Amino acid sequence: MSSSTPLARLQLRGITKRYPGCVANDQIDLNIQAGEIHALLGENGAGKSTLMKIIYGVTQPDEGEIRWHGETLKMRDPSMARTLGIGMVFQHFSLFETLTVAENIALAMGRQAGTAQQLEPKIREVSKRYGMPLEPERLVHSLSIGERQRVEIVRCLMQDIKLLILDEPTSVLTPQEADELFTTLRRLASEGCSILFISHKLGEVRALCQSATVLRGGKVSGHCIPADCTDLELARLMVGDAQGLETRHAKVSGANLFLQVDQLSWYNPDPFGTSLKDIQLNVRSGEIVGIAGVAGNGQDEILALLSGEQPLPKREALRISFAGQPVAHLKPDARRQLGLAFVPAERLGHGAVPDMSLSDNALLTAFQQGLVSKGLVKRSKVVAFAEEIIRRFAVKTPNAETAAQSLSGGNLQKFILGREIMQNPKLLIAAHPTWGVDVGAATAIHRALIALRDAGAAILVISEDLDELFQICDRIGALSSGKLSTLANTLETNPVEVGRWMAGQFNTDAVLS
Amino acid sequence: MLLSLEPRGQQSRAMLWFSPLLAAALTLLCGSLLFLLLGHDPLLTLHTLLIAPLSDWYGVSELLVKALPILLCALGLAVAYHARIWNIGAEGQLLLGALAGSAVAVHIIDWESRWALVLVISAGVAAGAAWAGLTAWLRTQFNANEILTSIMLNYIALNLLLYCVHGPLKDPEGYNFPESAMFGDFSRLPLLSEEGRVHAGLYFALLALVAVWVLLQKSFLGFQIKVLGLDRRAAGFVGFREKRLVWFALLVSGALAGLAGVGEVAGPIGQLVPQVSPGYGYAAITVAFLGRLNPLGILCASLLMALLYLGGETAQMAMNLPQAITQLFQGMMLFFLLACDVLILYRPRLKWKWTKRTATQDALA
Numbered sequence: 001m002s003s004s005t006p007l008a009r010l011q012l013r014g015i016t017k018r019y020p021g022c023v024a025n026d027q028i029d030l031n032i033q034a035g036e037i038h039a040l041l042g043e044n045g046a047g048k049s050t051l052m053k054i055i056y057g058v059t060q061p062d063e064g065e066i067r068w069h070g071e072t073l074k075m076r077d078p079s080m081a082r083t084l085g086i087g088m089v090f091q092h093f094s095l096f097e098t099l100t101v102a103e104n105i106a107l108a109m110g111r112q113a114g115t116a117q118q119l120e121p122k123i124r125e126v127s128k129r130y131g132m133p134l135e136p137e138r139l140v141h142s143l144s145i146g147e148r149q150r151v152e153i154v155r156c157l158m159q160d161i162k163l164l165i166l167d168e169p170t171s172v173l174t175p176q177e178a179d180e181l182f183t184t185l186r187r188l189a190s191e192g193c194s195i196l197f198i199s200h201k202l203g204e205v206r207a208l209c210q211s212a213t214v215l216r217g218g219k220v221s222g223h224c225i226p227a228d229c230t231d232l233e234l235a236r237l238m239v240g241d242a243q244g245l246e247t248r249h250a251k252v253s254g255a256n257l258f259l260q261v262d263q264l265s266w267y268n269p270d271p272f273g274t275s276l277k278d279i280q281l282n283v284r285s286g287e288i289v290g291i292a293g294v295a296g297n298g299q300d301e302i303l304a305l306l307s308g309e310q311p312l313p314k315r316e317a318l319r320i321s322f323a324g325q326p327v328a329h330l331k332p333d334a335r336r337q338l339g340l341a342f343v344p345a346e347r348l349g350h351g352a353v354p355d356m357s358l359s360d361n362a363l364l365t366a367f368q369q370g371l372v373s374k375g376l377v378k379r380s381k382v383v384a385f386a387e388e389i390i391r392r393f394a395v396k397t398p399n400a401e402t403a404a405q406s407l408s409g410g411n412l413q414k415f416i417l418g419r420e421i422m423q424n425p426k427l428l429i430a431a432h433p434t435w436g437v438d439v440g441a442a443t444a445i446h447r448a449l450i451a452l453r454d455a456g457a458a459i460l461v462i463s464e465d466l467d468e469l470f471q472i473c474d475r476i477g478a479l480s481s482g483k484l485s486t487l488a489n490t491l492e493t494n495p496v497e498v499g500r501w502m503a504g505q506f507n508t509d510a511v512l513s
Numbered sequence: 001m002l003l004s005l006e007p008r009g010q011q012s013r014a015m016l017w018f019s020p021l022l023a024a025a026l027t028l029l030c031g032s033l034l035f036l037l038l039g040h041d042p043l044l045t046l047h048t049l050l051i052a053p054l055s056d057w058y059g060v061s062e063l064l065v066k067a068l069p070i071l072l073c074a075l076g077l078a079v080a081y082h083a084r085i086w087n088i089g090a091e092g093q094l095l096l097g098a099l100a101g102s103a104v105a106v107h108i109i110d111w112e113s114r115w116a117l118v119l120v121i122s123a124g125v126a127a128g129a130a131w132a133g134l135t136a137w138l139r140t141q142f143n144a145n146e147i148l149t150s151i152m153l154n155y156i157a158l159n160l161l162l163y164c165v166h167g168p169l170k171d172p173e174g175y176n177f178p179e180s181a182m183f184g185d186f187s188r189l190p191l192l193s194e195e196g197r198v199h200a201g202l203y204f205a206l207l208a209l210v211a212v213w214v215l216l217q218k219s220f221l222g223f224q225i226k227v228l229g230l231d232r233r234a235a236g237f238v239g240f241r242e243k244r245l246v247w248f249a250l251l252v253s254g255a256l257a258g259l260a261g262v263g264e265v266a267g268p269i270g271q272l273v274p275q276v277s278p279g280y281g282y283a284a285i286t287v288a289f290l291g292r293l294n295p296l297g298i299l300c301a302s303l304l305m306a307l308l309y310l311g312g313e314t315a316q317m318a319m320n321l322p323q324a325i326t327q328l329f330q331g332m333m334l335f336f337l338l339a340c341d342v343l344i345l346y347r348p349r350l351k352w353k354w355t356k357r358t359a360t361q362d363a364l365a
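Residue numbers (full-length UniProt numbering), protein chains in the order written: chain X, 1 to 513; chain L, 1 to 365.
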C-alpha cells in the first residue's frame with residue numbers, strides 16, 4: 001500500500017493527460033476523504049474538467065493511477081464509476097425536456113432500477129430528506145434551471161453514493177439558490193458522502209469546502225484550507241500573478257439618454273425559449289448599465305432584439321430607439337450605422353467565424369469603416385485594421401492571418417471587443433464579456449470597457465457574473481423569466497438584493513432611474 | 001486500431017499541396033491495378049487514356065471544347081458551394097439553357113445580324129438562371145432542401161428537353177429524327193481557328209473565370225457569401241441578408257450553367273439534340289471540389305476532367321475498354337482526393353497493439 005492516509009476514499013497519483021499541443025493534466029495528486037467537501041479550484045483551462053472526466057471514467061489518463069478505497073483500479077467508463085458510487089452533475093444538464101422528472105431519472109438509472117412510476121416514491125423521499133423539493137411527475141421543460149439541477153443531484157443520490165462531483169454548480173443559480181444547495185451538500189457530507197466541488201468562485205469555496213486543491217496550467221499549484229486563506233492568496237495560487245484583481249473602478253452617472261427601450265414585449269415562438277414582458281430600460285452616454293440574471297431568463301432574446309438579429313415589425317419601431325431615433329425594425333447593419341457595436345455571448349460561431357482569419361473577422365463587423373470601396377474589399381486596409389486591434393488590445397497571436405479558432409478564449413474575446421471598440425461606437429452591448437476568460441484578460445477587458453465609457457459611449461453589459469457587474473457597472477438590474485427589474489445605482493444596492501431580483505422578487509423601493 | 005488519426009489543431013500547409021498529388025498517385029496506382037486485372041498492359045492503357053489524346057492540335061482543341069462547359073458549370077457551382085448551398089442541379093440548368101437557346105435559334109434561322117447570337121445566348125443564360133431560381137425560391141420560401149429540389153429539377157429539365165426535341169422543336173424536314181433544325185450561321189458561336197472546333201465560347205469561359213475570381217477573392221459580396229457558408233449565425237449577427245445571398249449564389253450558378261448549355265448547342269453541335277450533355281453538370285461537381293472551389297484550381301481540374309472524357313473515348317476505340325472506365329476513373333479520383341484531404345487536418349499515427357498491452361501491464365505491476 002502507499003504511504004498516504006489509508007482512509008482516503010479517492011486517491012489520484014501522478015495523473016497525466018496529454019492532448020495534441022497541450023498537457024491538460026501534469027502529474028496531479030489528489031486525496032479525498034470520506035465525508036469531506038473538497039474544492040477543485042482553477043481558472044478556465046487549468047485542467048479541472050479533464051481531471052474530473054478522468055475520475056468519472058469519461059477519458060483515460062496517459063499516466064498515473066486511481067485508487068478507490070486504497071485499491072488501484074482502471075476507471076473504464078462512467079457506468080463503472082456509477083457502480084462504484086461516483087455521481088457527477090455536469091455544468092450542462094443532460095435531461096430530456098419533454099419527459100417528466102421521474103422518467104428522466106428512470107432513463108438514467110437503467111431498466112433494473114424500475115419504471116418511472118416505481119421510482120416516484122423514492123424520488124419524493126430522497127428530495128425531501130435533502131431539502132430539495134421536487135415533483136416527480138412534472139415535465140422538465142417547465143422547471144427552472146435550479147430545479148433541473150436538483151433533478152441531476154437527486155438522480156445521483158438515488159443510488160448508494162460515495163462521491164459526488166459537481167462542476168461549477170452555482171454558475172446557474174441565484175445567490176439564494178446557491179445557499180440552499182450548500183445546505184444540502186453539507187447534509188450529504190455529514191452522512192459520509194465525499195463531495196468534489198469544482199469552482200472558480202473564491203467566496204463560495206471558502207464558505208463550503210474544508211480543503212482545496214488548486215490547479216494552474218494543468219499542474220497542482222497548491223493545497224490549502226480555504227477558510228484560512230484570503231481571496232488574494234487563493235487567487236495567487238490560481239493565476240500566479242494577482243495584480244489588478246482588486247481594482248475598483250469609479251462610478252459615474254452618465255450624460256444624455258442614448259439607448260431607450262420602452263415597453264418592449266416579445267412573444268417567443270420557441271416553446272423552450274423565454275418571452276419578454278414589458279422591458280423598460282435606458283442607457284445614458286458615458287455609463288455602464290449591467291443586467292444580471294441566471295441564463296435562460298431572456299438574455300438571448302433581449303440581445304437578439306437589441307442587436308437587430310430579431311427585428312420587430314415596422315409599427316413597433318418605437319420600442320427601441322438610439323438617441324431618440326426609432327430602430328426596433330432595423331437590421332443589424334443599419335443599427336451599426338447609427339453607432340451600435342455588439343459583442344455576442346458566443347465568441348466562436350457568432351461573434352467570429354471560426355475558420356476565417358483574424359483580418360477577415362475584423363472585416364466581418366467593420367465593413368462600414370471604409371474597408372470596402374465600390375464593392376471590393378481593400379485588403380491592405382483590412383489587415384492594417386486587424387493589426388491595429390492586435391497591437392492596441394495586446395492580442396496574443398502569430399499574425400492577423402491566423403484562424404480565429406486557434407486563439408484562446410481570452411485572446412479572441414480581446415480581439416472581438418477591440419474590433420467593436422475601434423469602430424468608436426456610441427452604444428456597445430456586450431454579453432458575458434469575460435465568460436471563460438482568464439483573470440489577466442478579464443482585467444484588460446474591464447479596463448477597455450471603462451475607457452470606452454469614459455470616452456462617452458453608452459454601454460450595456462449582460463452577464464451572469466454578479467461580481468463582475470458590481471465591479472464595472474454604474475447601474476444594475478436583473479432579468480427574471482423575461483421581466484426586467486428596475487435599475488438601481490450600483491453603489492446603492494448589494495448582491496443580496498440583486499439576487500432577490502434574479503429570483504423574480506422585484507423590490508419596488510429600488511432607486512428609479 | 002492499428003492506424004489512428006490525431007487532430008493537428010491547424011491546417012497543414014504542406015498537406016494542402018501534397019494531398020492532391022497523393023490522390024493522383026493513388027488513382028494512377030489503383031487504375032493500373034484495375035487494367036492489369038482486366039488483362040491490359042497498365043502503362044499502355046494509361047498512355048492511351050491520359051497522353052495519347054493530347055498528341056496533336058486537334059486533340060488539344062477537342063480538350064478545350066470538352067473543358068469549356070465543365071469549367072463554366074463548375075465556376076457557378078463554386079459560388080454556390082462557398083455559401084454551402086449544395087446545388088446539384090447544374091446538369092438541369094445546362095439542359096434548360098440549351099433548350100431555351102435552341103427554342104429562340106430555330107425561330108430566327110433567317111436573321112443576318114449578330115444580334116441573333118446575342119438573343120440566343122441571353123435566352124440560354126436567362127433560362128439556366130430561372131431554373132436555378134426555382135431552387136432558390138423553394139429554398140427561401142419553404143426551406144426546401146436544395147440538394148433534393150435541384151436533383152429533381154434535373155430530371156424535369158431532361159424530360160422537358162426530350163419532349164421538345166421529339167415534339168415542338170423537331171426539324172419538320174429532318175426525316176423524323178429527334179433533332180431540331182440546324183441554327184442559322186448568325187446564331188452560331190464563330191470558330192476561333194480553321195482547324196479544330198474551338199469556338200468563341202472560350203472567351204465567355206475566360207471572362208467567367210476572371211469574374212468569379214474577382215467575386216470570390218476580392219469583392220465584399222464574395223466575402224458575405226463565404227461568411228454565410230462558414231457560419232450562418234455570424235452572418236445574421238452582422239446583418240448579411242441570407243435570402244438575398246442564397247438567391248444571388250443560385251442565380252449566378254444557374255446562369256453560368258445555362259451559358260454552358262447554350263454554348264454547346266450554338267457552338268460545336270449547332271442544333272438541339274437529345275444528347276446535349278454527357279453529364280457535364282455532374283462532372284462539374286467533382287471538378288468544383290477537385291479545384292478546392294478556387295477558380296484557378298477549377299480551371300486545372302476541368303482540363304483534367306476533359307482529358308479523362310477524351311481518354312475514355314480513345315481507350316474505347318483503341319483498346320475496346322468499356323465507357324464506364326471514364327466514370328470509374330472520375331469516381332476514384334474524387335474518392336482519393338476527399339480521403340487524402342483528411343490529412344490536412346489530421347496526422348496519421350501507427351499504433352502497435354503490444355504498446356497498449358505493456359502500458360496496462362505496467363499499471364498493474
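None of these hints come from the bench; they were simulated from the model.
None of the values given here were measured: they were computed from a predicted structure.
Treat the hints with care, as some may be off.
[Said to hold, decoys possible] With a straight-line cut-off of 30 Å between C-alpha atoms, the simulated BS3-like cross-links for lysine-lysine are:
1) Lys226(L) x Lys396(X)
2) Lys243(L) x Lys381(X)
3) Lys396(X) x Lys243(L)
4) Lys374(X) x Lys226(L)
5) Lys218(L) x Lys314(X)
6) Lys218(L) x Lys378(X)
7) Lys277(X) x Lys219(X)
8) Lys218(L) x Lys374(X)
9) Lys201(X) x Lys426(X)
10) Lys314(X) x Lys483(X)
11) Lys378(X) x Lys426(X)
12) Lys396(X) x Lys378(X)
13) Lys243(L) x Lys378(X)
14) Lys170(L) x Lys381(X)
15) Lys331(X) x Lys170(L)
16) Lys426(X) x Lys381(X)
17) Lys74(X) x Lys218(L)
18) Lys218(L) x Lys251(X)
19) Lys374(X) x Lys170(L)
20) Lys226(L) x Lys331(X)
21) Lys483(X) x Lys331(X)
22) Lys314(X) x Lys277(X)
23) Lys378(X) x Lys170(L)
[Stated by the list, open to error] From the derived model, a few chain X residues whose C-beta atoms are all more than 12 Å from chain L:
24) Ser265
25) Lys277
26) Ser307
27) Ala334
28) Asp355
29) Ala366
30) Gly409
We treat Cβ as the ideally placed atom computed from N, Cα and C, and that holds for glycine.
Structure-based check of all given hints:
Taking the CA atoms of Lys226(L) and Lys396(X), the gap is near 26 Å; set against the 30 Å cutoff, the hint holds. Of the supplied pair hints, the one linking Lys243(L) and Lys381(X) holds, its CA atoms being roughly 29 Å apart against a limit of 30 Å. Distance check on the hinted pair: Lys396(X) and Lys243(L) sit about 37 Å apart at the alpha-carbon level, beyond 30 Å; violated. A threshold of 30 Å between alpha carbons decides the hint, and for Lys374(X) with Lys226(L) the separation of about 19 Å falls inside it, so the pair holds.
Among the hinted pairs, Lys218(L) with Lys314(X) is inconsistent with the structure: their alpha-carbon atoms are about 35 Å apart, more than 30 Å. The suggested pairing of Lys218(L) with Lys378(X) holds, with an alpha-carbon distance near 8 Å, which does not exceed 30 Å. Distance restraint check for Lys277(X) and Lys219(X): the Cα-Cα separation of roughly 47 Å exceeds the 30 Å cut-off, and the hinted pair is therefore not satisfied. As the CA atoms of Lys218(L) and Lys374(X) are separated by approximately 11 Å, the hinted pair is consistent with the 30 Å bound.
A C-alpha spacing of about 33 Å is found between Lys201(X) and Lys426(X), which places the hinted pair above 30 Å, so the restraint is violated. The straight-line distance between the Cα atoms of Lys314(X) and Lys483(X) is roughly 23 Å, inside the 30 Å bound, and the hint therefore holds. Between Lys378(X) and Lys426(X) the alpha-carbon distance is near 25 Å, which keeps this suggested pair within the 30 Å criterion. Of the supplied pair hints, the one linking Lys396(X) and Lys378(X) holds, its CA atoms being roughly 25 Å apart against a limit of 30 Å.
Simply put, Lys243(L) and Lys378(X) have alpha-carbon atoms about 26 Å apart, close enough for the 30 Å limit, and the pair holds. For the suggested pair Lys170(L) and Lys381(X), the alpha carbons sit about 58 Å apart, so the restraint of at most 30 Å is broken. With a CA separation close to 52 Å, the supplied pair Lys331(X) and Lys170(L) exceeds the 30 Å bound. A threshold of 30 Å between alpha carbons decides the hint, and for Lys426(X) with Lys381(X) the separation of about 23 Å falls inside it, so the pair holds.
Restraint check: the Cα-Cα separation between Lys74(X) and Lys218(L) comes to about 56 Å, which exceeds 30 Å; the hinted pair is violated. For the hint pairing Lys218(L) with Lys251(X), the CA-to-CA distance comes to about 46 Å; that exceeds 30 Å, so the pair is violated. Between the alpha carbons of Lys374(X) and Lys170(L) the distance comes to roughly 48 Å, so the proposed pair goes past 30 Å and is violated. A distance of roughly 20 Å separates the Cα atoms of Lys226(L) and Lys331(X); the hinted pair therefore holds under the 30 Å criterion.
At most 30 Å may separate the alpha-carbon atoms for a hinted pair to count; Lys483(X) and Lys331(X) meet this at roughly 24 Å. At roughly 19 Å between alpha-carbon atoms, Lys314(X) and Lys277(X) fall within 30 Å of each other, so this suggested pair holds. With a C-alpha separation of about 53 Å, the suggested pairing of Lys378(X) with Lys170(L) is violated against the 30 Å cut-off. Distance check on Ser265(X): its Cβ is at least 22 Å (rounded) from any Cβ of chain L, clearing the 12 Å threshold; non-interface status holds.
Non-interface call for Lys277(X) relative to chain L: holds, since the shortest CB-CB distance, roughly 25 Å, exceeds 12 Å. In this structure Ser307(X) is not separated from chain L by more than 12 Å, as the shortest Cβ-Cβ distance comes to only about 7 Å. Once the 12 Å rule is applied to beta carbons, Ala334(X) is inconsistent with being away from chain L; the minimum gap is 7 Å. Non-interface call for Asp355(X) relative to chain L: violated, since the shortest CB-CB distance, roughly 5 Å, does not exceed 12 Å.
Listed as a non-interface residue, Ala366(X) fails to keep its Cβ farther than 12 Å from every Cβ of chain L; the least gap is roughly 10 Å. Distance check on Gly409(X): its Cβ is at least 15 Å (rounded) from any Cβ of chain L, clearing the 12 Å threshold; non-interface status holds.
Comparing the model with each earlier hint shows violations of hints 3, 5, 7, 9, 14, 15, 17, 18, 19, 23, 26, 27, 28, 29; every other hint is respected.
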